[in-house]
Amino acid sequence: MDTAKLFPWFILLNPLIAAVLILVATRKNHGLSAVISTMSAFFGLAAALCAWSLPEVHSSVMWLDFGKAFQVPFGVKLDHLAKAMLLVVTGVGFLVHLYSTVYMEHDDARSRYFGHLALFMFSMLGIVLADNFVMMFIFWELVGASSYLLIGHWYEKDSAADASKKAFLVNRIGDFGFMIGILMVWGLLGTVVFADLQPAVAKLVADQKTNAPLLAFLGVAVLFLFMGPVGKSAQMPLHVWLPDAMEGPTPVSALIHAATMVAAGVYLLVRITFLVDAAPLAQTVIAWTGMITALMAALMATQQNDIKRILAYSTLSQLGYMIGAVGMSAGNAAMFHLFTHAFFKALLFLGAGAVIHGMHHEQDIWKMGGLKNRMPITFVTFGLGTLALIGFPGLAGFFSKDAILVAAGQKSVTFLVMGLVTALLTSFYMTRLFLVAFLNKPMSEAAKHAADPPLVMTGPLMVLAVPSVLFGWGWAASLFHVEVPHGSDTWHVPLLATVMLVVGAGNAVLIYGNRDRERVRIPLFKDKFYFDELYDVLIKVTQEALARFSSFLDKYLIDGLLVKGASALAFGTGFALRFLQVGNAQAYAIFFGLGVIVLMYLAFR
Amino acid sequence: MSFPVLYLLILIPLAGAFAAMLNFAPKRSCLAASAANLLLALGLMPGVQPGGEKFRYLSSIDVVPALDLKLLVGVDGLGLMMVLLAAIVTLCAIQLSPQVKTGEGGFYACLMLISAGCIGAFISLDLFFFYAFHELALIPTFLLIGIWGHGERIAAAWKITIYLALGSFILLLGFIALYLAVPLEARTFDLRKLYLLQESTGGIIPTEKQGPIFLTLLVGFGILISLFPFHTWAPQGYAAAPTPAAMLHAGVLKKFGLFGLLRVAYPLLPYGAQKYGSLLLFLLAGNILYIGLVTISQRKLDTMLGYSSVMHMGYIFLGLASVNVIGQSGAALLLFAHGLSVAALFAVMGDLRERLGTTHLDELGGLARSMPVLCLFFGLALFASIGLPGFANFAAETLVFFGAFGADSVNVSSPLHFTPIQWTVIIGLWGVVMSAVYMLRAYRKVFFGPTRSGLGEMLDVAPGNRWAFALLVAGLLIVGFYPKLLLDLIKPGVQPVAAKVAQR
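Residue numbers (this note's numbering), protein chains in the order written: chain S, 1 to 605; chain G, 1001 to 1504.
Next comes chain S alone, as it looks inside the complex:
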């Protein structure tokens, strides 16, 4: 095996080694654990950068082998798409590790934290490098598990323990459909390897007419597959876990619940574009799911007061854009937005972490205010992140969002309008957040005495600000082959988007400028369209009711009536037969033998 082939294996296994080392060797030494984990993240980043000079690499070993009937290789594939995603995962990953060393310095379970973080990196890199569906599923589930562990880091808090459980279960519901989809694709085409599926699907598509039923079947399969991304990328109606996941430490929110794990759904869909594009019905569903999520999540974000939750709903909304773009056959635009969003959203979360750190664990924006003067570095970088997110012309988010809006415009006016309204709302809620937390007057003692954190924490903010500003230009955009085509027919899109930006921000300034409390109350948005309540009721009347009913059946019907009844019958007969009792062992043997003969006769007559 030549060294180029070993390269992706190194990228994949390096964080696993760190995780194992921490588990078996340095559990007691928190400082060393942090160093091991951060070093491995650094190696990952270095490797990801080196990977650009490599040709496409594909290397695999057989994992489950049943000949032609069923083969699952364990393989890594380092192609253009994977390389771009690697940059996001390792880049943001390394900065988050660095930031965590200070953010978590007073935590008495840092070893566990860094161990889990390394485990997460392993799982996420597995998704990026996976060359087949089963391996994708493996790491997909592992990402869910490591997210479970990290959300529940402060397990003594009921809210954190509940949130982690909820996240895992909601993801599992998505994975249920994902696996059905994988089985259907395999049942139809006989393989789970992407590289073999692609030509098989192409062959089907080449002859639409004769293969119509096969393609219809494939379409249903893609819909099931899509359940995976709906869970992992927190799309409606499985979005409910993501806001609760904010119970985890803030650096975790930045890495997992903003930049990488939640983007895995988008990544998967782009990875299997050839399947998605062969299923028009699924495409429509995907596009609608994405756009509805984008819009509704933005509406919910306008009424939240917790700084992390605002960002969480914003993440939902931006993920909706990306998923929507995939459904509009604009996978490149989706990846472009995934790329830029990862950087500026990580920046915003880490900025929020700096604020929370400076405010002694206060997350309510109405207790902040005036942080502009107290935390200048955080202020500037957070401001740049905000501008990038709301699509300020010239910043990264402007270009990537534009690419999606253009695609939406080409698909249908409805999608374009939904996209633009979302852009307006985005600009509104982010301006609200920024005004209230940073620009308005301080609203608490803590806000008056807040200060910027040390350089290890502000450093990542400053580093992340660079791609947030610049990655819309030149090299970064060319990564995704997105020609932002501002010819004569699409010039109105960026213009309209900018109008939306101004209207949204302007309204926010009008409503929230120099205010110290919320003036608008829309319970429907604040209470998140009552999804949680709805699910609680739904679970109560379905699963829990069924479970209680089954339990009742088991206790009283199967065990009670049937089993006890049978034994009562036996005892009853025993009582009657007591008269046959002769107290002689041979007699019993004869009875036994007679019984056997009767039964055998009944069975074989």
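It should be emphasised that the hints constitute simulated quantities derived from the structure, not laboratory data.
For every residue, glycine included, the Cβ atom is placed at its ideal position computed from N, Cα and C.
Be aware that one or more of the hints could be misleading.
Straight-line Cα separation of at most 30 Å, DSSO-like style, residue types lysine-lysine; simulated pairs [unchecked claim]:
#1 K1193(G) - K1209(G)
#2 K1275(G) - K68(S)
#3 K540(S) - K448(S)
#4 K540(S) - K1445(G)
#5 K28(S) - K1445(G)
#6 K157(S) - K1300(G)
#7 K1193(G) - K540(S)
#8 K555(S) - K1027(G)
#9 K68(S) - K1054(G)
Distance ranges between label pairs, derived from CB positions [unchecked claim]:
#10 L49(S) - R1355(G): 51 to 59 Å
#11 L281(S) - R1355(G): 53 to 61 Å
#12 Y530(S) - D1460(G): 41 to 49 Å
#13 E1354(G) - D532(S): 37 to 45 Å
#14 L1416(G) - Q410(S): 28 to 36 Å
#15 H361(S) - D1460(G): 25 to 33 Å
#16 D1488(G) - D532(S): 47 to 55 Å
#17 K28(S) - D1488(G): 38 to 46 Å
With chain S held as given, fit chain G onto it using these hints.
Chain G alone, transformed into the frame defined by chain S:
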């Protein structure tokens, strides 16, 4: 014939039992015996690599020559995997036994007898002894529950005794019928001869007789495996059983039934298996869906684990029902994986019960702070049991699902037109979600949240016991990362079986 090394596998635990009975350092001598047995089983592994003669290390002692009845032992990869499972679980069960207050010698002797009986059954190639060894293992199980059990131990012991004795009896009928159904001149208890005949004649048992015999075996084995609706003995029995007895029974002894289906019923009665395939699908769906729901509503850790182990039997049945190499290999691998994971879960439960005096979920909470190691092992075992990738259970369940889904070719005439077995796969996948629901809820309730008053000062797992937990988990992880290790052993044992039925 070379040195009859397989007899040692039975004799070593018997020697341990004997030493315990004489009260000769019961725990230590049993530990030594089971460790020696595990080493011996590992040492036999190179000898069963695929290729050549199917069964290895053959030895035989004539018992009743007229009936061709002999104590014939031999293993293929599948058999040796079961021996390995039994040896690992025995060793850990002995180590993790809580303090025994009265009759320590008898207690450990019973455990070793179960182990010897299980191993005897797994290596027997003679139908009579296959059956008899299992009986040998059942009796000490009843004693352990009745004498050293918890809670309503007497009632539980009676229930499990009557139930399992009934199952064994039905099984005996099935075996006798099987024996008699073979033409007079070919009658034998020797499984190897039966296989050979089956291969050369393409069916030694007349097609029309296969149905009832298969059904009898299915019900008999089914009761032993807690196939729905013959399952109600299991949760109650496991809740009442002393920890090591629950580990050994749920982890190893119960697997005898599934092993028997794979060894006897499927290869010799392919038509019967085909005839009652849909019945089995219906029952196993009951195991997964219905028992899954019952498990969700459990409020005590012991019965919850009992029900969950009943539920997971459904997946093994699903693999068997696929009747192809993929699914049945998955089922066999799952025998191993489930055996280790359920043993680890019962061990954690027993540890909690021993020290806290309760397994009621509402009375526990926040134990992660004082018992981080126990929390870690419980987490690993539960993630294994809900099929998280990386653990053996995932690899096995993947094979089961793919095997069963691929048992019928997909029907593209209309989307969502699945065949019964494919629907059962979908039910099984939903069961994976339900498993996560009850397992994570239990984990949350026992270990997370604020520490409940009175539970703050608990000691963690005794350092001397850690290696036993680690051994169980390590087994799951090694096979989970590299399932080929066992699959290469399993496949030759399963392949002819599945091929036979596929030809039809």
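Verification of the supplied hints:
About 20 Å separates the Cα atoms of K1193(G) and K1209(G), which keeps this hinted pair within 30 Å; it holds. With a C-alpha separation of about 28 Å, the suggested pair K1275(G) and K68(S) falls inside the 30 Å cut-off, and the hint holds. Between K540(S) and K448(S) the alpha-carbon distance is near 46 Å, which puts this suggested pair outside the 30 Å criterion. Distance hint between K540(S) and K1445(G) is fulfilled; the C-alpha atoms sit about 19 Å from each other, no more than 30 Å.
At roughly 26 Å between alpha-carbon atoms, K28(S) and K1445(G) fall within 30 Å of each other, so this suggested pair holds. With a C-alpha separation of about 23 Å, the suggested pair K157(S) and K1300(G) falls inside the 30 Å cut-off, and the hint holds. Between the alpha carbons of K1193(G) and K540(S) the distance comes to roughly 57 Å, so the proposed pair goes past 30 Å and is violated. The straight-line distance between the Cα atoms of K555(S) and K1027(G) is roughly 38 Å, outside the 30 Å bound, and the hint therefore fails.
Among the hinted pairs, K68(S) with K1054(G) is consistent with the structure: their alpha-carbon atoms are about 23 Å apart, no more than 30 Å. Checked against the hint of 51 to 59 Å, the pair L49(S) and R1355(G) passes, with Cβ atoms roughly 52 Å apart. For L281(S) and R1355(G), the hinted distance range of 53 to 61 Å is satisfied, since their beta carbons lie about 57 Å from each other. Checked against the hint of 41 to 49 Å, the C-beta distance between Y530(S) and D1460(G) comes to roughly 43 Å, which is consistent with it.
Checked against the hint of 37 to 45 Å, the pair E1354(G) and D532(S) passes, with Cβ atoms roughly 39 Å apart. Taken as a hint, the range 28 to 36 Å holds for the pair L1416(G) and Q410(S), whose Cβ atoms sit roughly 32 Å apart. Our hint of 25 to 33 Å for H361(S) and D1460(G) holds, since their Cβ atoms are close to 30 Å apart. Separated by about 49 Å at the C-beta atoms, D1488(G) and D532(S) satisfy the suggested range of 47 to 55 Å.
Remark: the range hint 38 to 46 Å for K28(S) to D1488(G) is upheld by a beta-carbon distance near 40 Å.
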